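Peer 1: Dock chain B against the given chain A, drawing on the hints supplied.
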Amino acid sequence: MSAAEEVVTEGQAVEAVPKRAMTLGTGTSLVVLALLLVVPLFVKNFIIFQMTMLLIYGVAVLALNILTGGSGQFSLGQSAFYAIGAYTSAILMEHANINYALTLPVAGIICFAVGFLFGQPALRLSGVYLALATFALATAMPQLLKLGFFEHWTGGVQGLVVTKPDAPFGLPMSQDMWLYYFTLAITIAIYVGSVNLLRSRSGRAFMSIRDNEIAASSMGVNVSLYKTLAFGVSAGITGIAGGLGAIAVQFVAPDSYTITLAISLFLGMVVGGVGWLPGSFVGSAFIIFVPNIAEGISKGLSGAVFGVLLFLVIFLIPHGARQIAIVGQQLAGRLRR
Amino acid sequence: MELFINQILAGISTGAIYACMALAVVMIYQAIDHLNFAQGEMAMFSTFIAWQLMQWGVPYWWSFILTIAFSFAAGIAIERILFKPLAKAPILTNVAGFIALFSIINSCAGLIWDFTIKQFPTPFGSSPFLGSQLISTHQAGMIGVTLLMLLGLFFFFRYTRMGLAMRAAASLPESARLVGINTSWMIALGWGMAAAIGSIAGILIAPVVFLEPNMMGGVLIYGFAAAVLGGLTSPLGAVVGGFLVGIFENLAGTYIPGVGNELKLPIALALIITVLVVKPAGLFGRPIVKRV
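Residue numbers (the working numbering), protein chains in the order written: chain A, 1272 to 1608; chain B, 16 to 307.
Each hint can be trusted.
Covered by chain B, per the in silico footprint, the following chain A stretches (three or more residues, Cβ under 8 Å):
1. 1403-1417
2. 1535-1542
3. 1586-1594
Here are the simulated lysine to aspartate or glutamate pairs, DMTMM-like style, with alpha carbons at most 20 Å apart:
4. B:103 x B:189
5. B:103 x A:1482
6. A:1570 x B:129
7. A:1435 x A:1447
8. A:1315 x A:1437
9. B:279 x A:1526
10. B:103 x B:48
11. A:1435 x A:1365
12. B:99 x B:189
I should point out that these hints are in silico values taken from the structure, not numbers from a laboratory. Quantities reported herein were computed from a predicted structural model and do not represent experimental measurements. Each residue gets a CB set at the ideal place from its N, CA and C atoms; glycine is no exception.
So that you can see chain B by itself, here it is in the shape it has in the complex:
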């Protein structure tokens, strides 16, 4: 029983990473209606910016804020320069664009900061949290920040004009334009916010997985899986999905014989697909009603 509880705790602490990333994924999905494969690399690049600022002697929280601001601006810039011209192109072409962006960012980061693994500081410390060896104060802090972001997003989308406009622009662009929403800028704003959330996720994750250009590969896959599991339309679903994926993964690794580190991911994904087959819109997603 103790093993079981310990594994759940360990799952929650890795789940926090996935939840962070899943939140960024859902954010951009709300704004542009597709999954951005380059999301993880954008977050990685932002984290490197934060690291670089700290190397130059900027205090932690200042570099945190500066990085978020930079990421927000960079997200908007990427949308304006690269993806706005593709707005009318077929969706699969856009997906190819994400892959290209992925490749560019990864390669540039590798060239600027090289592929050696770097330590990343944490503001929360890394002593055991409430006497448990499995969750450190950093991970507890990470869970706290994720929940705060979730709350912030909830209020933004639910109670502000801007949030409402963004939701409208994503779900029914034509009608949104008719009531005077500048949908094109809403999309850019969505990119900016997604990049900013991604940068927070990156900064929180980096102390755990260490900083290097490929740090996000695995995390992003789990983040996608978590977002899809929770339902792509629901930020709350993304966070819950993140924790669930973390827990699944740990339990599968412990209790199913023959599952080492190698098979954790396929098993977690298989489980998610099983859930999706039963509930195609994800656990918290709204089913999409089609008009005939």
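Looking at chain A on its own, in the form it has when it is part of the complex:
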């Protein structure tokens, strides 16, 4: 009937890339990886910071992609999980003096649990109804964080300031650069883990639910388990991204995690291509840089410019960056013949 169910038509998340074309994909990812490793050595700290944010949002978009592209469920509530992750890291670092790196797994586990539990009632909902439920979560989160009851921990409306970690072992690099490489390592780990997850038995279960729930259940897939599991995994990864985000921005406050963030992540997924994991990072670049470009073109009309640019993108490539990748693969295949 709507959103989630028709994600179906977008099909084939990671599968069905012909063998020969794979080399092109591998080649591209190696080049991108090399660029990600080398570029920070030559640019200013601010750009390094932006690249860090690109990776962090990329991970968050990737998490949404696993949920929507993988299991066909739609969520507008990712900002809530991002907030929980960010606050978990910030509170552990500032109140319990725990090392920043150790706070991330905790953030991930807590968010996994919250996502898994939230997935339970969400099981009965699909499409727009699920969108509304997750949307409610996203609008409630900033208000909950502001509650006087938690103020001792969360710092209320003022939020919490987080200290930026120094590079360990006396490595000769700036804080920003260290944080970038730290984020990059985690991003790669999560990316590889996610690709493998979608190729595993569980990933195939997700995709079978996305493509046809009834058929999946008649093949013996435990639909409710895997649906909630998808929610949990997605929330857990988003939580880790949130924790990283808190460390990178050095500040958490309720109003940084409104529905606007959830909408941005959603746009990132669409622009990158639903169900195509590498696209998450293209989408993340879009949501980080395009608003700035729009502001640069016209201050008063930045919203309109952003809208027009977004329209241009979806007119030209309705299936997102993935469409470009597919065209590229076909071209490469033809050249080889």
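Peer 2: Here is chain B on its own, set in the frame of chain A:
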């Protein structure tokens, strides 16, 4: 007890706003089968048009009619220019399109009319209605107009060929095309009607929430919630849902300790989700039967 009755009355009067918006939401949902996030901004823009016409000295009811006509045409134009080319694109891409439209309209309205709050006149006056301080004549008029629209829509969808064709085009496009319905134009018509209803909603709401480019943000969320609560397939459900949401919100704000203005919305939404978990198609919606 008196407090309770007063809160219900206050809830009904805010509920009327949500009911108006929910009706527009359901209208477009019937026509295009998804929720239009830009609906509120379209209504806001129409309201500004009405305001501008009145500033130029056009009488109230003339600007009312002109605005409805303009909105209807603009709705069709938006569909033809922006969303028809996306008809074959994935649904999530369409949703991204709505967000883009939202951003464009909001930004343009801000540039043309700036972000200062403007007064908007009401034709019904604002004296207390039937001696109650909580419902003004304007709000009573608003409820009346909403019910009239509901009645009109009911007759349109139930008893006219066009209404039947629109319902057919929305529920089973392929079969509808086979019996000779121009489904593409039905969708455009749905956009036009939704925009027109939205403009009426905007004009009715503006005297209460005041006119500014972000006036619809909160209202649209409640409107969606109301529409979903009542069942997206039922205009009657949308109106009932609107009143229920208004009442819930007021009662929660009064009786649950620690719920200030800030938490009203999350609580209202939580309640709606609870209802949906029990009745997934909404209170008045038809459950969707799937074929295996």
